[in-house]
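Student: Here are the chains, one letter per residue:
Number of protein chains: 2
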Amino acid sequence: MTPNPPWVQALKPAGPQGHELLQLERDKSSVPVAKLSEFLFTKEAIERKRRVLKVLESEKVFNKNQNYFAGRVDRFETALARAKRLRQLKVQHGWNQEDSIVANDLISEPGPYGLHESMFLITLRDQGTPEQHELFLKKAENYQIIGCYAQTELGHGSNVRGLETTATWSPEDKTFIIHSPHLTASKWWIGSLGRTANYAVVMAQLIIDGKPYGPHPFVVQVRNLKTHEPLENVHVGDIGPKFGYNTMDNGFLLFNHVKIPHVNMLARFSSVDLSTNKYVRPMSASLVYGTLTWVRSHIVLQSGSVLARGVTMATRYCAIRRQFQDRDAPQSEKGETAVLNYTMVQVRLLPLLAATFALHFTGQGMMRFYAESQKKIHGNANTASADRGAGPEETHAGSDSLADLHAASCGLKSLASSIAAEGLEVCRRACGGHGYSSFSGIGPWYADYLPTTTWEGDNYMLSQQVARYLLKSARSVKKGEKPTNDTTQILTEFLARSDMGAAFDIIGKDEDLVAAFAWRTAYLTFEAYKHRDEEKKAWNDLLVDFYRLSKAHSQYLVVKNFYEALQSPSTTDVLNEETRTVLHKLFRLFALNTLEQESSEFYQSGATTVRQIILARTNTVMKLLKEIRPHAVRLVDSWDFPDWQLDSSLGRYDGKVYEDLFHRASELNPLNAITVDPYPESSVLFKNDKSRDFKSKL
Amino acid sequence: MTPNPPWVQALKPAGPQGHELLQLERDKSSVPVAKLSEFLFTKEAIERKRRVLKVLESEKVFNKNQNYFAGRVDRFETALARAKRLRQLKVQHGWNQEDSIVANDLISEPGPYGLHESMFLITLRDQGTPEQHELFLKKAENYQIIGCYAQTELGHGSNVRGLETTATWSPEDKTFIIHSPHLTASKWWIGSLGRTANYAVVMAQLIIDGKPYGPHPFVVQVRNLKTHEPLENVHVGDIGPKFGYNTMDNGFLLFNHVKIPHVNMLARFSSVDLSTNKYVRPMSASLVYGTLTWVRSHIVLQSGSVLARGVTMATRYCAIRRQFQDRDAPQSEKGETAVLNYTMVQVRLLPLLAATFALHFTGQGMMRFYAESQKKIHGNANTASADRGAGPEETHAGSDSLADLHAASCGLKSLASSIAAEGLEVCRRACGGHGYSSFSGIGPWYADYLPTTTWEGDNYMLSQQVARYLLKSARSVKKGEKPTNDTTQILTEFLARSDMGAAFDIIGKDEDLVAAFAWRTAYLTFEAYKHRDEEKKAWNDLLVDFYRLSKAHSQYLVVKNFYEALQSPSTTDVLNEETRTVLHKLFRLFALNTLEQESSEFYQSGATTVRQIILARTNTVMKLLKEIRPHAVRLVDSWDFPDWQLDSSLGRYDGKVYEDLFHRASELNPLNAITVDPYPESSVLFKNDKSRDFKSKL
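Same order as they appear, the protein sequences are chains L and H. Numbering-wise (my numbering), the first sequence opens with residue 1 and increments by one. Numbering-wise (my numbering), the second sequence opens with residue 699 and increments by one.
Among the hints, a few may not be true.
Unchecked claim - Short, incomplete list of chain H residues facing chain L, as computed with Cβ under 10 Å:
#1 811
#2 884
#3 938
#4 1043
#5 1136
#6 1395
No wet-lab data here; the hints were simulated from the structure. It should be emphasised that the depicted structure is a prediction, and the values quoted were computed from it without experimental measurement. Glycine residues also receive a C-beta, built at the ideal position from the N, C-alpha and C atoms.
Please model the entire structure based on the sequences and the hints provided.
Tutor: As structure tokens, this is what we get:
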């Protein structure tokens, strides 16, 4: 760190200072920030965050100063040090699972123990027998072995059945032979495998007596527990740099006829019988099904806060950044205007601010829905945590509600992660030139988040599952079967009015606004039904329609969840009038702005009049932007991100944007330690480090 | 480089090999690739590329092997070495300006001489007097001084008038005092300044006798020519890492009352009179105006090829990548399907493929339009290079055509760079998981391109200039003035039919398709006119409408340029029937797909029927995708990107996707040289490099 010269230290930003400008913003609104935060996250969660943050801030290894500067090897090294220290802290402070999650959120970078602590432990726990728990899980929980979950291959992503790695049962010596028959069989993208793990749960095609039984999980040691060198006939390493996620060592893995004992096949659901050498059939797959649904619902819940980080940074900065005078402003107001006052900035940022709440409430709704359906399946109350949150109690009928939940989790995972990823990029660009600096904090966060649009079901692929479910529902409704859940309900209502059409007052009535989204979903569902079932169009020719259908259905679910959350007693009893009014405006902004962006489908379905959509855009939305604008900073404050977590010059709570940008650039930047020889004919590159000589590069 | 073990070296990808799959693709079409390339770029340009490529490939310093792995300091160091070597090669081979541009395109990374070789030289040349040319330009051309162009400040981007840096005329000693009054006055984002430049053209507010005269250019030395250390009272350095562009040393710069001589104010257009100490008024600003128009038109031309790189990589990879079986495929076709066969992939990639051609022809049209208007302004034929290319000759009436050109360049810069930037991200995601690897080549290219959406006029800001021009045109048409260019022509035609409405057959007739875009522009123009001139709405309340208007107008221009290029004799005489048929399908795909995405505006303007838009999407576009699909690989081949330029595992001409991914990951990846100690209680991080000890990090 090189301090700036005294005459530079004496300089301040021109005009009103950042902290003054943010104070002005906070004075414009009286939304009770702390109260709203508690409503969103619970008081306990906020206290937990403060407590864990205090510990992390005091540890040098978690200092983020060099995060944006360091290259891959250094970043990985620091991430490893952090992972180790975090594990030590957990033991030392007796942190539970929730504390650990909060710590990871605050650190905000994927770490080398990431897959060990999630999928490796979960898979051992869920799919292992008691004997296997003793053998593997205990050691894994004590970090005596470090593992990962090796499913995806170089040539195979979403299609698990296409995996090439084989596990061939050898009855002579009662072992499995794990083998990679081709280069494309190489495991690929496997988190924590590249450099860190010495064990892997490997998904491989089970083969008994020449017959394939599909992919199954096998526990395979890949590195020596002492030397950490790869075992014989195992080729393993890191797959190289990525667009983001570079603190994680995603790895590759190839096997050359590697033998593992019988006990290494995870045998809770299916196995090979030792005496008969026969395959033992699996139990129902509903448990795995449930896990995936939980994972996707969790992505929906996270998406709100993922996006909120970007919106927080952009909103605070746009309240400070001033550019040009308002053309129509009176001569007396001579200064430049905060860019947040420009409607073109508002129309980009404020609907995203609305989306953060929409997604948060939807995610909470999904988690509640999941808990309820688990309760029904398992027939006991233990699994259903009585989540605090918005939304009226609903009743769901058994398996129908499970299928509904599954489809909703697929569609919403796709929609929510797309909104968050694309929204973050909108936030970055709304920050103008400085959004491109790593110090903005938005770019690195966006880059790390992007894989969420691909993993746990590619966002495009997933839409087919939603369409399949809606087609099934349409068939049942067409047959005259009674509605059993919300989806069949809205389809039935649509069909009942097919001779009458609709007349939703989307601007005048909130219920009509929600109903218009339901109508569009139903319209598109029956269009798809007509194409597929009546006109017998090829599945592949309908993928674009299916994607639109899935998006429409998921948008309906978000609008509905947002609306219901605002009606719920848990909301109306807790929040004051002003807060509820602002949240209601956010609901309307989110719904009407979404409707306007998808207006052609609303026209075509006859859900709305052309006139109301034009008015919604030119009138209602513009008015809502103006009304929400004064609350923007307080609303992002209520997301309660500590500066330490954001690690952003632009998004600082105190508004010291320019001071922080300058400090990081001039005082923390390692590139400024080198002195260049700039002349083309000189072979010296860095005057103060002659080891980097030009000639050696030729 | 660590070679793979022999058993790994023996492995091949499963199933048909990449080169076989691409050969099958190339066999499906007979579009003459070389012929089409020559048509797009000219034979000379292609030969030039081959010649320069040969030189670069043979130089070790340009080897790209480590580009994706290296950290910031190492990347900058290599970029500096490359910049120096490139300069040496230029001298050695006598390369002209065009050769140099091609070399930079092939190297494809911003370099430390970037701003010296562009804005520094251009500004000295254009704005300097002969005396100043002698003093500064000559030295700069010989690389005895290395410069940059310092305009943007920490607190000031697009609004040049808001710059804070001052240049105060001191009549006593006939000097200017350059000063940064606040922290926000720090120059920021200045390319080549961070570490490389020793001179800068500084834009500063000229102050004479206490009176401000606006921003003017001053030549200021910032570093010692021998030691390269900053001069006294100059604080200069690199601004730190960015989302991309990290081979460039964007810099900051602060002055503490630095004196420079009178001759350092670039004085071709305005100056301070040495004897009277008075300001000498500037000449017309039309020249600068012209330069910006040229720069923007060039961005439009580039955008086609920028996007084409991503489309090339994604198209080739999607032809090789296979996933799932087609649900409706007969049992006999057992294998997985190339993802390019999925309509959901086609509908994302093929309209972008169409856009590459649309933007290329539009860019060529803009460059021709620019040359013509320069010819008119300067009244001689020298400046108008007789560009080969598509499009009929048009006549433009003097200043009207200049204003039209200016507006078109603003709108098209905004639209084209947005299409290219967003399109690249679509290409990256179309590659699924592997798109996230740096080896895909798309992510790094996207990250480097992104600033184009902000510089040379922020894409949102620029739309106001287009709207201003269209409003002015509407006023003239409303007054009954005769149309003087295409814009006033389409407005006049719209007005003439305002009592009749329109009936464009967008599916049946190409001319109607173009006319529907013109109609929508005119409709939105008069809507804006009504809001602003009649209803007196505030400018700020109309920014969203203006942005839509600008987009609509620019989309019309792209559709029109594409259409005219296909009609031009220079196209019809050169290309064979099959090629013209395919290009015509691409035109229709681009136009109809764009129309469908913006359908609500087409409905509202009454340009089209709802029925035709539905049919366009569900029928025409889907059919076009099918028809274009077999030509996709040959079409991207015609963009003629050498593998060396693409530096992409996924986009290789020979289809060796998996071999290349594996080679880079396992054999070139420096992270695989470290051996981790994975246990949390151990303080060792890397077993083979104990200097990186955990304890030192605590």
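Student: The structure should be examined with respect to each hint, and the outcome stated for every one.
Tutor: Hints and how they fare:
{"no.": "1", "hint": "811", "in the structure": "8 Å, holds"}
{"no.": "2", "hint": "884", "in the structure": "7 Å, holds"}
{"no.": "3", "hint": "938", "in the structure": "5 Å, holds"}
{"no.": "4", "hint": "1043", "in the structure": "8 Å, holds"}
{"no.": "5", "hint": "1136", "in the structure": "4 Å, holds"}
{"no.": "6", "hint": "1395", "in the structure": "5 Å, holds"}
Comparing the model with each earlier hint shows no violations; every hint is respected.
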